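I would like the entire structure built from these sequences, with the hints used as guidance.
Number of protein chains: 2
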Amino acid sequence: MQAKEIKKVTIAGAGTMGSQIALQCARKRFTVVLYDVSESSLAGAKQVMHHLWHAFGKGKSQDSSQALESLDEILTRIKFTTSIEEAAEDCDLINESVPEDPKLKGELFARFNKLCPARTIFTTNTSTLLPSMFAEETGRPERLVALHFHKPLMSPAIADVMAHAKTDKELVKVVAEFAESIDQIVIIPHKENSGYVFNHMLGAMLDAAMDLVIDGVATVEEVDRSWMGIMLMPQGPFAIMDHIGLDTVYKICQFWAEAENNPLRHRRCEFIGEYCQRGHVGIKTGQGFYKYPQPSFQDTNFVAKTAAIG
Amino acid sequence: MQAKEIKKVTIAGAGTMGSQIALQCARKRFTVVLYDVSESSLAGAKQVMHHLWHAFGKGKSQDSSQALESLDEILTRIKFTTSIEEAAEDCDLINESVPEDPKLKGELFARFNKLCPARTIFTTNTSTLLPSMFAEETGRPERLVALHFHKPLMSPAIADVMAHAKTDKELVKVVAEFAESIDQIVIIPHKENSGYVFNHMLGAMLDAAMDLVIDGVATVEEVDRSWMGIMLMPQGPFAIMDHIGLDTVYKICQFWAEAENNPLRHRRCEFIGEYCQRGHVGIKTGQGFYKYPQPSFQDTNFVAKTAAIG
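Listed in order, the protein sequences are those of chains E and C. 1 is the number of the first residue of the first sequence in the working numbering; add one for each residue after it. 1 is the number of the first residue of the second sequence in the working numbering; add one for each residue after it.
Rather than coming from a laboratory, the hints here were simulated on the basis of the structure. On a predicted model such as this, the values are computed, not experimentally measured, just so you know. Honestly, I wouldn't trust all of these hints.
Claimed, not checked - Computed list of chain C residues with no C-beta within reach of chain E, every gap over 10 Å:
1. K7
2. T31
3. S38
4. H50
5. D72
6. L104
7. L115
8. D247
9. E274
10. P295
To be verified - Below are the SDA-like pairs computed for lysine to any residue, each with C-alpha atoms no more than 25 Å apart in a straight line:
11. K191(C) with D101(E)
12. K191(C) with M154(E)
13. K191(E) with F297(C)
14. K305(C) with M154(E)
15. K114(E) with S83(E)
16. K191(C) with G216(E)
17. K151(E) with G44(C)
18. K166(E) with P117(E)
19. K191(E) with R267(C)
20. K191(E) with V303(C)
21. K151(C) with P234(E)
22. K191(E) with R265(C)
23. K151(E) with T300(C)
24. K4(C) with A304(E)
25. K305(E) with K173(C)
26. K191(E) with K305(C)
27. K191(C) with S83(E)
28. K151(E) with L232(C)
As the list claims (entries may be wrong) - Below, a sample of chain C positions facing chain E; criterion: calculated Cβ distance under 8 Å:
29. E100
30. G139
31. S181
32. I185
33. K191
34. M201
35. G216
36. A218
Quick reminder that beta carbons are idealized off the backbone N, C-alpha and C, glycines included.
As structure tokens, then:
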């Protein structure tokens, strides 16, 4: 199979990431199915697409050779469905963004395996799990590869394409070319690794940030001020976590805490869990470490604010 | 003692950091002594000051109430000396940037302790050591506090002021006010912590970056491309290490590898050590992970460069 033979793409899981990936594929003229078990998630996805399109997607990174399309025109290429049969039918490539649980991912792909043509490529957008954790369960391990997005609608956009030990080597090439065809800059880790390249570093940085607050070395705001002031960035680690969603951060923490039975990871789980229990999971609920839509880290004098001395 | 009573400041260690701190203090009208055991280091410091001044220091972050001074005028307030007696005489505050070795720092302050007035405040610019590791050796633990700089000549500039268990609490306030008087935004960790706030996170990120290369997951360039492309930053972790100096990174790695007898840290030591042995310690020798003055990560298409697929 060649990348140019990929015509119909199914995105499984209609959360923030799935919605963005579906929109980017449709924008690049693929026929897209966005599949989710929940009708309300699909409805939410449409809202997310409208919001993102107007916030930063609009018109950017389009081929100059093609006429700019409106969001409505692009959306005609996306079918929203709760039917897995419809999602599987005649599909060339599936990318899943369902919750970070290897069992769930394995089961989902096992169902797709029975319904999809033999040619269908299975890809996972997992952030820190390994494809090998659920490759056998999919029923077609040689056609499973990670295709992981960061900000698919933005430019530049980086995507990771990562094989596991049993992935057909040709598939890596096909999926990387597909990723490039939807305007992603491709990074191919040379071996299977939790967090690929970037998430491996980001995870270490976020863990260190949480430890500083848990250990009482600094407050959330002081940690972010330090990072923003020295790195000259518009966000610090806690603002980044609000953006990712604390429910997602929690799920990742929890998985690795249990997998490694690591006390440091358990501690971070508890820390993030307290925010989640209060319903403060980040931007999407209007409150996480910061309060939205006008979080304090966006104040002009946030970085320069003098510490309470003495 | 009040911050405004600080008039004469001694900077011990005339490396890149010491030179910048001395220049920033002189620019803010303090009387400065730059002390080093090596004449050639002092000569090098003058060159560094000229270079930095023209590169980014010139005119920035000056009080608008004061007339802009030329570098030559500012330099009249800096005495360059190899005499510790001269450095100690009538000194209000010492900040040391000597190599990252607690024994060396303790011995240096012990010598100053015998020569300085009782009022002299001892501050360390260590990046990851703890003041408590050499506080007793100084002979005046209650007057020792960390005052740690990042980019002292830039704006914004962040500085950490950190006590150890025996530091006089009033001293934290005095040193923080002094730091503000030389245009630093102050972060005060609530307890003693290796790496303060920012360096704790940076260290975790840099360690993760090295592990990716050591484990063969990605190349130096791929790691930096991922970070730069996703964080929208002009430098990735390896470029940052070239900037810090691989000799300094090595010394920090080595200290903690031995202190914790941590095999992961020993591995990173070996990795960085190979560069150092070849004399490739970063920007200052024209070669580190990248070749200077035109490192490849500054190429327009560095991030977008397509991975070698297949």
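We went through each hint and held it up to the structure:
1. Distance to chain E confirms K7(C) as a non-interface residue, since its nearest Cβ pair spans about 21 Å, more than 10 Å.
2. Even its closest Cβ contact with chain E, about 24 Å, leaves T31(C) beyond 10 Å, as expected for a residue assigned away from the interface.
3. Every Cβ of chain E is farther than 10 Å from the Cβ of S38(C); the closest lies at roughly 29 Å, confirming the non-interface assignment.
4. With a closest Cβ-Cβ approach of about 25 Å to chain E, H50(C) is found to remain outside the 10 Å limit, as its non-interface label requires.
5. Distance check for D72(C) against chain E: the nearest CB is about 30 Å away, which clears 10 Å, and the non-interface claim stands.
6. No beta-carbon of chain E comes within 10 Å of the beta-carbon of L104(C); the shortest separation is about 26 Å.
7. Every C-beta of chain E lies more than 10 Å from that of L115(C), the closest at about 30 Å, which supports listing it as non-interface.
8. No Cβ of chain E comes within 10 Å of the Cβ of D247(C); the nearest lies about 21 Å off, and the non-interface call holds.
9. Its beta-carbon lying about 19 Å from the closest one in chain E, E274(C) satisfies the requirement of being farther than 10 Å from that chain.
10. Its beta-carbon lying about 19 Å from the closest one in chain E, P295(C) satisfies the requirement of being farther than 10 Å from that chain.
11. Using a Cα cut-off of 25 Å, the hinted pair K191(C) and D101(E) is violated, with the two alpha carbons roughly 37 Å apart.
12. This hinted pair does not check out: K191(C) and M154(E) have alpha carbons roughly 40 Å apart, beyond 25 Å.
13. Distance restraint check for K191(E) and F297(C): the Cα-Cα separation of roughly 23 Å lies within the 25 Å cut-off, and the hinted pair is therefore satisfied.
14. Annotation: proposed proximity of K305(C) to M154(E) holds, straight-line Cα distance about 17 Å (limit 25 Å).
15. With a C-alpha separation of about 14 Å, the suggested pairing of K114(E) with S83(E) holds against the 25 Å cut-off.
16. Restraint check for K191(C) and G216(E): the C-alpha separation of about 7 Å stays at or below 25 Å, so the hint holds.
17. Our distance criterion of 25 Å between C-alpha atoms is broken by K151(E) and G44(C), whose separation comes to about 45 Å.
18. The suggested pairing of K166(E) with P117(E) holds, with an alpha-carbon distance near 20 Å, which does not exceed 25 Å.
19. Only pairs whose Cα atoms come within 25 Å are accepted, and K191(E) paired with R267(C) is accepted, the gap being roughly 19 Å.
20. With a CA separation close to 21 Å, the supplied pair K191(E) and V303(C) stays within the 25 Å bound.
21. Taking the CA atoms of K151(C) and P234(E), the gap is about 18 Å. The hint holds against a cut of 25 Å.
22. For the suggested pair K191(E) and R265(C), the alpha carbons sit about 22 Å apart, so the restraint of at most 25 Å is met.
23. For a cut-off of 25 Å, the pair hint linking K151(E) to T300(C) stands: about 20 Å separates their Cα positions.
24. Only pairs whose Cα atoms come within 25 Å are accepted, and K4(C) paired with A304(E) is accepted, the gap being roughly 21 Å.
25. Distance hint between K305(E) and K173(C) is fulfilled; the C-alpha atoms sit about 16 Å from each other, no more than 25 Å.
26. A threshold of 25 Å between alpha carbons decides the hint, and for K191(E) with K305(C) the separation of about 20 Å falls inside it, so the pair holds.
27. A threshold of 25 Å between alpha carbons decides the hint, and for K191(C) with S83(E) the separation of about 55 Å lies outside it, so the pair is violated.
28. Proposed proximity of K151(E) and L232(C) is supported: the alpha carbons are some 11 Å apart, at most 25 Å.
29. For E100(C), the interface hint is violated, since its Cβ never comes within 8 Å of a Cβ in chain E; the closest pair sits about 19 Å apart.
30. Taken as an interface hint, G139(C) does not check out: its beta carbon lies about 26 Å from the nearest beta carbon of chain E, beyond 8 Å.
31. Interface hint status for S181(C): violated, as the beta-carbon distance to the closest one in chain E is roughly 12 Å, over 8 Å.
32. Against a cut-off of 8 Å between C-beta atoms, the interface hint on I185(C) holds, since the closest Cβ of chain E lies about 5 Å away.
33. At a threshold of 8 Å, the smallest CB-CB gap from K191(C) to chain E is about 6 Å, leaving the interface hint in force.
34. The beta carbon of M201(C) is positioned within 8 Å of a beta carbon in chain E (closest approach about 4 Å), and the interface hint is therefore held.
35. Hint on G216(C) holds. Least Cβ distance to chain E is approximately 6 Å, under the 8 Å limit.
36. At its closest, the beta carbon of A218(C) sits 5 Å from a beta carbon of chain E; the interface hint therefore holds under the 8 Å criterion.
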